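Chains as they are written, first to last, in the working numbering: chain A, 1 to 118; chain B, 1 to 245.
Heads up, some of the hints might be wrong.
In silico DSS-like links for lysine-lysine, alpha-carbon gap of 30 Å or less [stated by the list, open to error]:
hint	chain 1	residue 1	chain 2	residue 2
1	A	Lys17	B	Lys70
2	A	Lys38	A	Lys17
3	A	Lys38	A	Lys68
4	B	Lys40	B	Lys70
5	B	Lys30	B	Lys70
6	A	Lys68	B	Lys70
Computed far set for chain A versus chain B, every beta-carbon distance over 12 Å [claimed, not checked]:
hint	residue
7	Thr13
8	Lys68
9	Ala71
10	Pro91
To spell it out: a stretch of chain B is covered by chain A in this simulated footprint if at least three of its residues, at any positions, have a beta carbon under 8 Å from a beta carbon of chain A; those stretches are [what the hints assert, rightly or not]:
hint	stretch
11	28-38
12	158-168
Just so you know, these hints were derived from the structure itself, not from any lab.
Predicted model, so just to flag it, every value in this text is computed and none were measured.
For each residue, glycine too, the CB sits at the ideal point set by N, CA and C.
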Amino acid sequence: MLEAGTSHQIEATVVGKIRAILAERGAAAAAPLAGDSKLSAHLGLTSLDLAFLVSQLEFELGVDPFAKLVAITDVRTIDDLVDAYRQALVPNSHKKPDGSLADAQKRAEKRRLRIDQR
Amino acid sequence: MASERPKVAVISGGSRGLGAQLVARFLDRKYSVATLSRSKSEFVNELLRREEANFYWASVDARAAESVQKFANDVAARFGGIDILINNAGIAVEGVLPTMRWERINEVVETNLTAVLVLTQACSRVMLRQGSGTIVNISSVNAIRGHSGVAAYSATKSALEGMTRSLARELGARNIRVNSVAPGYFESDMIASISDEQRQRIARRTPLGRLARIEEVANVVHFLASEEASFITGQTLAVDGGITC
């Protein structure tokens, strides 16, 4: 487990786990992964792959940012995922302005109201 | 990893009744067994003395997600993983719904449904990491047939069966099986309060003419959790002497 979890270590761990999943399914493990690569659209990860990834990262890093801190529905790219773990492990690190669970709940409530008003 | 250590079974509500029967059975078959319950029974005390290396018990509020997650992680750290989860803990509440107190409704939903979802989430994460596992949910014939006076209880057990089917689809790709056992009436604390007349009526309505023995239910749970059932997932198996047929 990382004690303080430097940003670089976190990124390396997250990217390493993603590479392992891609390699498991025969995708080109050596292909470059950009921070803005979309987990689903570009890399083909399913929601179960993401759950598998989160369970592995919880074991490796000792935290689950998606229990309370961050809404998993906001995670679309590798950077989003790395940011979530940075928020959990390095509390003073950069935090995305719309990444909190409370913000996600507010957006969901707005969507629900729009549907109700139709 | 799984072949190098004894298999690990988590059984909720393992301090008495069917749960205790299952704990004893899996320990007899050389599994490591972990259980959680609100209070320690004499059965649990005896196992803690006798099976120190292979048995783990914790007093956990099964509705508290963080405590349950910690329990699952503790079990995985102690025994090396979680291969089997048996969602056995549950309470029976009786009474017609129109006059049932809200507290009783909340209690049965939280115990029979919310707590099951929370424990299943925690254990399934460990199973995902392993790439294998099997989950057996203890449902009820009341999830299959309507009976007066058990609407709230039936609602929770039917919900478990919905969870069983959806979760089987969710987790199948990672080699995790999910099934339910729907017992009919069997000798346990849960039916200790019913009268002899009620027992006789149940027996008359049952094609096999009697209530189940607790080990007959445990046999089927054990089967579904075992490799013998390696291609069965998303199913409910009624163990009811034919009462729902």
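Starting from the hint list further up, note which numbers the structure goes against and sort them upward.
-> Hint check: 8, 11 and 12 fail, others pass.
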